[in-house]
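Enquirer: The listed protein sequences correspond, in order, to chains A and B.
The opening position of the first sequence corresponds to residue 8 in this note's numbering, with each subsequent residue numbered one higher.
The opening position of the second sequence corresponds to residue 11 in this note's numbering, with each subsequent residue numbered one higher.
The hints are simulated quantities; they were obtained by calculation from the structure and are not laboratory data.
C-beta atoms are modelled at their ideal positions from N, C-alpha and C, and glycine is treated no differently.
There may be inaccurate statements among the hints.
Claimed, not checked - Okay, the calculated bits of chain B under chain A, using three or more residues with CB under 8 Å as the criterion:
1) 30–40
2) 90–98
As the list claims (entries may be wrong) - Here are the simulated PhoX-like pairs of lysine-lysine, each with C-alpha atoms no more than 20 Å apart in a straight line:
3) LYS81(B) <-> LYS61(B)
4) LYS113(A) <-> LYS61(A)
5) LYS12(A) <-> LYS54(B)
6) LYS116(A) <-> LYS54(B)
7) LYS78(A) <-> LYS63(A)
8) LYS120(A) <-> LYS45(A)
9) LYS54(B) <-> LYS45(A)
10) LYS120(A) <-> LYS12(A)
11) LYS61(A) <-> LYS78(A)
12) LYS37(B) <-> LYS113(A)
The primary structure of each chain is shown beneath.
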Amino acid sequence: DQQVKQNSPSLSVQEGRISILNCDYTNSMFDYFLWYKKYPAEGPTFLISISSIKDKNEDGRFTVFLNKSAKHLSLHIVPSQPGDSAVYFCAASGTEGSQGNLIFGKGTKLSVKP
Amino acid sequence: NAGVMQNPRHLVRRRGQEARLRCSPMKGHSHVYWYRQLPEEGLKFMVYLQKENIIDESGMPKERFSAEFPKEGPSILRIQQVVRGDSAAYFCASSPQQGETQYFGPGTRLLVL
C-alpha cells in the first residue's frame, strides 16, 4: 500500500514551457516533503522541500506547492530546460525533526524537448 | 568538497556469496541512511544509523542483512548468502543532524547471478 503516489510515470514538455509534477500522499502524519531529481546511474539530488506549515516554497525556477486538505503537492519548473530531463521523486517524512525514514514515490520521468 | 561516497559502484555476486557495500558520508555528517531501489520502483528505506548506533532498522529484512557505522571508517551494509531478489541499486544518504536534508551517494548496483 503506497503512502506516496506519483501517478504519472512520465511527462513530456517543450523547452521554455512549465513542467508540473504531481504527488499525492495518504498519511496525514506526514509533515515534511521533499523533491529529488535523479539522472540514470547517479544518486538522487535534493531539489527543494516544504514543511506542512507552508503552502508554497520557491527556489529559482523550482516551486513546490502543498495542499494539505487534498494531501497533494506539486513541483513546478519554469521555464523548463533540456537539462531538467530526469526522473523526479517525491518523498515524505513524519516530522521535520525526525527525517530518518523518507517514504518515496515511484518517480516521474520528465523529458524536456528542445 | 566531496559528497557522499559509495563503493563499489557495481558489484556482481553469485547466489550464496556475501556482498559488502560501503558508504562514506559527507564531511561533517554523522547520520547515515541506506535505501534500496528495485527496478521501476521508488527508493525504499532500509536503515538509519548514527556513529556506532542503529537508530531505526524498520526497513531491513530480518535475515541476511546487517548494517554498521563504526566510530572510524565508512558505514557498511552487509548482505549474506545473496539471492537473485537482492539485485537492486543500494543508495546511501547522509545528513549533519537528524531531521536535516539527506544527501545521496551515487549508489551501488548489485547484480546477483
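Enquirer: Hint by hint, note whether the structure agrees.
Expert: Hints, one by one, checked against the model:
1. Counting residues of the stretch 30–40 of chain B whose beta-carbon sits less than 8 Å from any beta-carbon of chain A gives 0, not enough to reach three: the coverage restraint is violated.
2. Counting residues of the stretch 90–98 of chain B whose CB lies closer than 8 Å to any CB of chain A gives 0, so the stated coverage by that chain is violated, three being the minimum.
3. At roughly 6 Å between alpha-carbon atoms, LYS81(B) and LYS61(B) fall within 20 Å of each other, so this suggested pair holds.
4. The straight-line distance between the Cα atoms of LYS113(A) and LYS61(A) is roughly 24 Å, outside the 20 Å bound, and the hint therefore fails.
5. The suggested pairing of LYS12(A) with LYS54(B) holds, with an alpha-carbon distance near 13 Å, which does not exceed 20 Å.
6. The hinted pair formed by LYS116(A) and LYS54(B) meets the criterion: a straight-line CA distance of about 18 Å does not exceed 20 Å.
7. For the proposed pair LYS78(A) and LYS63(A), the alpha carbon gap of about 14 Å is at most 20 Å, so the pair holds.
8. Simply put, LYS120(A) and LYS45(A) have alpha-carbon atoms about 18 Å apart, close enough for the 20 Å limit, and the pair holds.
9. Restraint check: the Cα-Cα separation between LYS54(B) and LYS45(A) comes to about 15 Å, which is no more than 20 Å; the hinted pair holds.
10. As the CA atoms of LYS120(A) and LYS12(A) are separated by approximately 25 Å, the hinted pair breaks the 20 Å bound.
11. For the suggested pair LYS61(A) and LYS78(A), the alpha carbons sit about 13 Å apart, so the restraint of at most 20 Å is met.
12. For the suggested pair LYS37(B) and LYS113(A), the alpha carbons sit about 30 Å apart, so the restraint of at most 20 Å is broken.
Hints 1, 2, 4, 10, 12 from the list above are not met by this structure, while the remaining hints are.
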